[in-house]
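Enquirer: In this text, residue positions in the sequence shown follow the UniProt record's numbering: the first is 1, and each later residue adds one.
In short, the hints are calculated from the structure, not lab data. Built from N, CA and C at the ideal position, the CB exists for glycine as well. There may be inaccurate statements among the hints.
[Said to hold, decoys possible] Between beta-carbon pairs, the in silico distance windows are:
| # | residue 1 | residue 2 | range |
| --- | --- | --- | --- |
| 1 | I131 | S329 | 36 to 44 Å |
| 2 | P182 | A51 | 26 to 34 Å |
| 3 | T314 | K244 | 21 to 29 Å |
| 4 | Q14 | G53 | 14 to 22 Å |
| 5 | C290 | I131 | 31 to 39 Å |
| 6 | S174 | M5 | 21 to 29 Å |
| 7 | C290 | N12 | 28 to 36 Å |
| 8 | L221 | D10 | 38 to 46 Å |
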Amino acid sequence: MSAPMTLFSDVNWQPVIDAVRQARSIVLITHCNPDGDGIGSQMALYDALIAAGDGRISMHNRDGVPRIYSFLEHSEQVQMGDWPSDAAKPDVIIALDCGARGRLGMPDEWFEGPTLINIDHHASNRLFGDINIVDARYCSTGAMIFDLLIAMNMPLNKARASGIYVATLTDTASFRLASTTPAVYRMAADLVEAGAEPWPISVQVYESRSLSGLHIMTACLDTLEMRDDGRSAWVYVTDDIYRKTGADVEDTEGLIDYARSIDGVEVAVFIRSDEVVAERWKVSFRGKTCVNVGALAGELGGGGHVHAAGCQLTGTLDEVRARVQVAVSRSLSSF
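Full structure from sequences and hints, please.
Expert: Okay, structure coming up:
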């Protein structure tokens, strides 16, 4: 196996490497309701850091690890929920795949003292870290970890390769988005050579839906609305749907893709209720060819990528739908 090549050789990883090597304790964290990129990046970096012996390494996610990613090595090491008030603060916190500090779901005082390292590939990132490595050229945060490991002279193994593969598989829509460059395919080859297994990973991620997940998929698709002369498709999950199906937010993963897949649709919209706070809604967008949904989400206080983005809004469903409709129609008006 030849030595892996970095995707982008002009990224300066030295501040991260120096901070990690000087730290006695490090916590890795990703955003609330974590996805494959956040979890895969976290598992890969954790495996590398414990092997390097760089201090005491732990992981803490407000919402833990989704079931479909629990097959990844070290997933059982993730602590879940609020950070214990009596726990000692780490020297370094590394936030992965998170565009804003608030999305980490931890109280502000938790970040007072430790060096906060922000590693992300969202163009809308708010640069909230003491050290910010943010680069929207990358297809996934996992791909950034791939380059970081090369900079650290850390070889790939099955655990690291599998985490990065999951991160990239999920954030490129199974290697279909425009961000999947030739360099990304070369990276994927390196990951497979190092032990990542594409078919078993795909089965775990895409073909392990729970029965409640099947019920919520049916209920969600029953809400389908076609708007903007068929150029936008909308689906919803309300509190009532959660109750009737017995499903949870994990089971909503990927539902918006069915709306985007409809012929003629340029923007798919998925609005789901917050399971904790009344009249708070998570709005997800997926674009197909002409609309930058990252910019669309930005108009509503959110962010993301050209083809996938989101925001959070409060109000009744009708109020939220009306606000989103104005932004979606405006984004489509130029095409």
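Enquirer: Do the beta carbons of S174 and M5 sit within 21 to 29 Å of each other?
Expert: holds (23 Å)
Enquirer: Is the gap between the beta carbons of Q14 and G53 within 14 to 22 Å?
Expert: holds (19 Å)
Enquirer: Regarding T314 and K244, is the given constraint of 21 to 29 Å on their beta-carbon distance met?
Expert: holds (24 Å)
Enquirer: Verify the CB-CB distance for I131 and S329 against the hinted window 36 to 44 Å.
Expert: With a Cβ separation near 40 Å, I131 and S329 satisfy 36 to 44 Å, so the hint holds.
Enquirer: A range of 28 to 36 Å was offered for this pair. Does it hold for the Cβ distance of C290 and N12?
Expert: At 35 Å between Cβs, range holds.
Enquirer: Between C290 and I131, does the beta-carbon spacing fit 31 to 39 Å?
Expert: Cβ of C290 to Cβ of I131: about 36 Å, so the range 31 to 39 Å holds.
Enquirer: Assuming the hint says 38 to 46 Å, is it satisfied by the Cβ distance from L221 to D10 or not?
Expert: holds (44 Å)
Enquirer: Hint says 26 to 34 Å; check whether the CB-CB distance for P182 and A51 agrees.
Expert: With a Cβ separation near 30 Å, P182 and A51 satisfy 26 to 34 Å, so the hint holds.
Violated hints: none; the structure is consistent with every hint.
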